[in-house]
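Take the sequences, apply the hints, and build the full model.
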Amino acid sequence: MDRIHKLSEEVVKKFKNSGYDVNIKDVYKRLKLLIDEFKVPEDEAVRTVTNYLLKELDIPRDKLVVDSPLVKIADIGSPGQWISLKAKVVQLWDSSSPNVSQVGLIGDETGIIKFVIWAKANKPEVEEGKNYLFANVVTDRFGGKMQVNINKYSRIEEIDEDISLPPRDVDIVGALVAIQQNSGLIRRCKICNRVLTKGVCPIHGKTEAYDDLRIKGVMDDGENYYEVILNEENIKNLTGIGLEEAIELARKHYDREIVLSELKNKLLGRYFRFKGRRGERYLIVNDIEFLQYDEVEKAKEILSKIGGETIG
Amino acid sequence: MDKFLKRSVAKRVFSFELNEATYKVESDEKLVQILLPTGTLCSRVFIVGVLLDREETRPDSDFWKIRVSDPTGVFRGFVGKFQPDALENLLKIDPPEIVAIVSKVRIFEGTTSNLVTLRPEVIVPVERDVMNYWILETAEQTLKRIKDMKKGESELVEMAWKIYNPDLSYYESKIRDAVSAILKVEKEEEVSEEEIEEETADISESFEEDLELEIPDIDEFEFEEEEIDLNDILG
Ligand SMILES: [Zn+2]
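Chains A and H supply the protein sequences, listed in that same order.
Everything in the first sequence is counted per the numbering used here, starting at 54 for the first residue and increasing by one.
Everything in the second sequence is counted per the numbering used here, starting at 4 for the first residue and increasing by one.
Treat the hints as calculated values from the structure; they're not laboratory data.
A hint or two may mislead.
Capping the alpha-carbon separation at 27 Å, the derived lysine-lysine pairs in BS3-like fashion look like this [claimed, not checked]:
1) K176/A - K116/A
2) K176/A - K66/A
3) K108/A - K59/A
4) K351/A - K147/H
5) K107/H - K125/A
6) K198/A - K66/A
7) K269/A - K243/A
8) K69/A - K59/A
9) K125/A - K177/H
10) K147/H - K358/A
11) K358/A - K251/A
12) K251/A - K147/H
13) K187/H - K353/A
14) K84/H - K269/A
Quick look at which bits of chain A chain H covers, simulated, 3 or more residues with Cβ under 8 Å [as the list claims (entries may be wrong)]:
15) 72–84
16) 241–250
Quick list of the computed label-pair ranges, beta carbon to beta carbon [as the list claims (entries may be wrong)]:
17) R10/H - H306/A: 30 to 38 Å
18) K165/H - I256/A: 53 to 61 Å
19) G155/H - I337/A: 19 to 27 Å
20) R131/H - L356/A: 38 to 46 Å
21) R10/H - N204/A: 25 to 33 Å
Here the structure is a predicted model, which is why all the values come from computation and not from measurement.
Think of the CB as a built atom: it goes at the ideal place given N, C-alpha and C, for glycine as much as any other residue.
Here it is as C-alpha cells:
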C-alpha cells in the first residue's frame with residue numbers, strides 16, 4: 054500500500070469515528086494532487102483535505118474527534134494530558150456536587166484511578182463492573198493524587214472486553230531500596246495514634262505520646278515499586294529488634310536515631326518475599342521474610358532459557 | 004492507586020550493558036533517563052556487587068570516586084555530601100566488600116563518547132547470597148528485555164536497535180557466563196573468600212583496560228551538575 058493510500062485511510066477513519074462516511078477515492082485523489090503534483094508536505098495536505106471535507110459536508114469542527122493516545126493507568130504521571138483509556142468501572146461513589154454527574158474508580162491491569170464525569174459533559178451514565186473506552190479524557194491532580202476528568206470533548210463507549218484489575222492481594226519478591234523519614238523508633242499521639250513530628254501531633258499539637266516501631270519503605274522488583282509499611286511484629290521477626298529492644302538500644306546510646314540506622318543496616322538492599330494487600334497508597338504487609346531460594350535450581354532454569362526460541 | 008507520586012523503578016542491569024548506554028532521553032521534568040541497549044529507559048538502578056575501591060577525588064573534597072564490580076565488568080560512580088547516608092556508609096566500608104547500591108544514573112556527554120556513572124543514594128554492605136540473587140535476577144530481567152528486542156514491537160525497542168544495534172548473542176553469552184559462575188562456585192565445595200575477591204578483581208582489571216581504550220580524555224566531558232568539578236571525575 055502506498056503512503057498516500059495509507060494517509061487516505063487515516064482521513065476516512067477519522068471521519069468514520071465521528072460518524073461520517075467520506076469517499077476514499079475522493080480523498081486519495083485530492084491528497085495525491087497536493088502531495089505528488091504540488092509537493093505540499095504530508096501533514097499540510099491532510100489538514101487541507103480534512104478542512105475541505107468539513108466544509109463540504111457542513112460538519113462543525115469540534116464534531117471531528119481525533120482520539121488521544123491510548124495509555125495504561127500506570128503510565129499516568131502528570132496533570133493536563135489528553136489521553137484515552139480502556140478501563141473497568143470499579144466503584145461508583147456518591148457525588149454531593151451538582152457539577153459532578155458521576156465519580157468513582159476505574160481500573161485496568163496496571164492500576165486504579167479516580168475518575169470524574171462532569172455534569173456539563175452530558176454523558177450517559179456508566180455502570181459498576183462494565184468496561185469502557187474513555188476516549189479523550191484529561192489527567193488532573195487533585196489533593197496530591199492523579200485523576201482523570203471526563204468533559205464534553207470526551208467519549209465513553211462500552212466495549213466488549215473484560216478488563217482485568219490489578220490484584221489486591223500481592224505476593225512479591227523484591228528488594229528494599231529505601232526507608233523513608235518517620236521510620237524506626239517513633240512516637241505516636243495518645244489521642245489519635247498519629248506519628249509525631251519533632252514531638253508534635255499534626256492535630257493535637259504537644260500531647261502525651263507513646264513509643265512505637267515501624268518502617269515506611271519502598272520495595273522494588275525491577276518492574277514495579279511498592280510503598281510498604283512494616284509494623285513492630287514484622288520488624289521483630291526480621292531483625293530480632295522489637296519495641297523493647299529498640300527502646301533499650303536508644304537508651305544505651307542516648308540516641309533514638311540509632312534504631313533507624315541499625316534497621317537500615319540490617320534490611321536495606323536485601324531481598325524479601327512479602328505478602329500483603331494494596332491500600333490507598335501503601336501496601337499493608339501481612340507476612341514478610343528474607344528471601345530464601347535454591348541458587349542452583351534457579352541458575353539452571355535461567356541457563357536453559359538462554360538462546361534459541363525458548364526464552365520466556 | 005499506588006502510582007500517584009511517581010518514583011522511578013530501580014532497573015536491574017549488568018555493568019557491561021549500562022556502560023554501553025550512551026543515549027539520554029530528554030524529558031521536561033528534571034528526570035535523566037538513559038536508553039539501555041536492550042530497549043528500556045533507566046534512571047535508577049539497584050545493583051549488588053563488590054566495592055573494589057573508593058578514592059577521594061581531591062583531598063578534603065568529600066567527593067569520592069568508587070568502582071563496583073559485577074561478573075561482567077565495573078560500574079563507576081561518585082558519592083558526595085549530597086548523599087549523606089551513602090557517604091557515611093561508604094566511609095565505614097573497608098574494600099573489597101560486597102555492597103548493595105541504589106543509585107541514580109548520570110551520563111556525561113563527551114565529544115566522542117559518553118560516560119555513564121552512578122550517584123548512589125544507598126550503599127550498604129550485604130551478604131553473598133544477596134549478590135548471587137542479584138546476578139540471577141538481573142540475568143532474568145535482561146533476558147526478558149532481550150526477548151522483547153527480538154519481538155521488536157515497542158518504540159523504545161526500535162530506538163535501541165537504531166541507536167545501539169546490539170549483538171544479542173554476545174549479550175546472552177555474557178549472561179550465561181555470569182550465571183554459570185554461580186554454579187561453579189556452588190560446586191567447588193570450599194572456595195575461600197580471598198580467592199573469590201581475587202577473581203572479581205581480575206575481571207574488573209581486564210575490563211578497566213578495555214575501558215581506557217574507549218573512554219576519551221576526561222577534558223572532553225562537559226558536566227551538567229554544578230557540584231561536580233571537572234577535575235573530580237577522573238582526577
Ligand atoms: Zn493526635
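Now for the hints, and whether the structure bears them out:
1. K176/A - K116/A: 15 Å, holds
2. K176/A - K66/A: Given that 27 Å is the threshold and the Cα spacing comes to 23 Å, the pair holds.
3. K108/A - K59/A: 23 Å, holds
4. K351/A - K147/H: 15 Å, holds
5. K107/H - K125/A: Measuring from Cα to Cα gives roughly 25 Å; hence the hint holds.
6. K198/A - K66/A: 35 Å, violated
7. K269/A - K243/A: 20 Å, holds
8. K69/A - K59/A: At roughly 15 Å apart (the allowed maximum being 27 Å), K59/A and K69/A satisfy the hint.
9. K125/A - K177/H: 34 Å, violated
10. K147/H - K358/A: 10 Å, holds
11. K358/A - K251/A: 53 Å, violated
12. K251/A - K147/H: 46 Å, violated
13. K187/H - K353/A: 11 Å, holds
14. K84/H - K269/A: 24 Å, holds
15. 72–84: With 0 residues in contact (Cβ-Cβ under 8 Å with chain H), the coverage given for the region 72–84 of chain A is violated.
16. 241–250: Since three or more residues must qualify, the claim that chain H covers the region 241–250 of chain A is violated, with 0 doing so at under 8 Å.
17. R10/H - H306/A: 30 to 38 Å: Once the Cβ atoms are compared, 32 Å apart, the range 30 to 38 Å for H306/A and R10/H holds.
18. K165/H - I256/A: 53 to 61 Å: 56 Å, holds
19. G155/H - I337/A: 19 to 27 Å: Between G155/H and I337/A, where Cβ atoms are some 40 Å apart, the hint is violated.
20. R131/H - L356/A: 38 to 46 Å: At 20 Å between Cβs, range violated.
21. R10/H - N204/A: 25 to 33 Å: Given range 25 to 33 Å: holds, Cβ gap about 30 Å.
The structure does not agree with the numbered hints 6, 9, 11, 12, 15, 16, 19, 20 stated previously, though it agrees with the rest.
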